[in-house]
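Peer 1: Sequence:
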Amino acid sequence: VRLFYSALDEVSIQFDEGSFKIIEYVNLGLHNQDKYFPLEKTIITFENNANYNLETSLLFEPPQYDKKILHHIYNANNAILEKLKKGITLHKDEERDIKNLPVTYLICYFNGFEEAIDKLNESKNYLKSYSEEIFSIYKESIRILRKVKYS
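Each residue of the sequence shown is one higher than the one before, starting from 1 at the first, in the numbering used here.
One should not assume that every hint holds.
[Claimed, not checked] Below 27 Å or equal to it, Euclidean Cα-Cα: the simulated DSS-like pairs (lysine-lysine) are:
id, residue 1, residue 2
1, K99, K124
2, K35, K128
3, K21, K99
4, K128, K139
5, K124, K83
6, K41, K68
7, K128, K92
8, K41, K92
9, K128, K83
10, K99, K119
11, K83, K67
12, K21, K68
Note that these hints are calculated values from the structure, not bench results.
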């Protein structure tokens with residue numbers, strides 16, 4: 001059985017004689033605070049004949065945050081995105097905030113800001129050209145979204 005988790009993924013693993021239980025967690029904290037939420041559970045059950053069963057289930061319950069705070073973050077994200085579109089240099093605090101832009105757009109979407117997902121998609125090419133690190137964060141946010149949408 002091959003499982004593909006990177007060193008950056010947060011997982012817990014429990015096992016006994018006949019099975020492994022793996023829970024994957026995602027970091028959806030605000031204001032540079034790590035806050036992990038269970039995303040998906042995978043149970044691998046082994047049989048005597050070298051066969052196994054793989055069962056996956058979505059555990060994710062979107063975190064709910066204060067709407068006023070999210071509105072402020074959403075507007076700040078939009079201002080950063082507009083600067084990226086226009087090629088305007090970001091201020092020091094915006095350089096810090098852009099690292100959270102993909103995740104905070106995702107959090108806003110999970111909290112009822114439907115248009116935040118369009119903004120996240122719109123930001124793709126700008127984040128890709130801005131930095132590899134931030135584009136990796138973008139891709140992780142999209143991965144979480146896909147798992148939640150299609151599971």
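Peer 1: With reference to the structure, classify each hint as holding or not holding.
Peer 2: Cross-check of the supplied hints:
{"no.": "1", "hint": "K99 <-> K124", "verdict": "holds, 13 Å"}
{"no.": "2", "hint": "K35 <-> K128", "verdict": "holds, 25 Å"}
{"no.": "3", "hint": "K21 <-> K99", "verdict": "violated, 32 Å"}
{"no.": "4", "hint": "K128 <-> K139", "verdict": "holds, 10 Å"}
{"no.": "5", "hint": "K124 <-> K83", "verdict": "holds, 14 Å"}
{"no.": "6", "hint": "K41 <-> K68", "verdict": "violated, 32 Å"}
{"no.": "7", "hint": "K128 <-> K92", "verdict": "holds, 19 Å"}
{"no.": "8", "hint": "K41 <-> K92", "verdict": "violated, 39 Å"}
{"no.": "9", "hint": "K128 <-> K83", "verdict": "holds, 15 Å"}
{"no.": "10", "hint": "K99 <-> K119", "verdict": "holds, 15 Å"}
{"no.": "11", "hint": "K83 <-> K67", "verdict": "holds, 24 Å"}
{"no.": "12", "hint": "K21 <-> K68", "verdict": "violated, 38 Å"}
Hint check: violations occur at hints 3, 6, 8 and 12; the rest are consistent with the structure.
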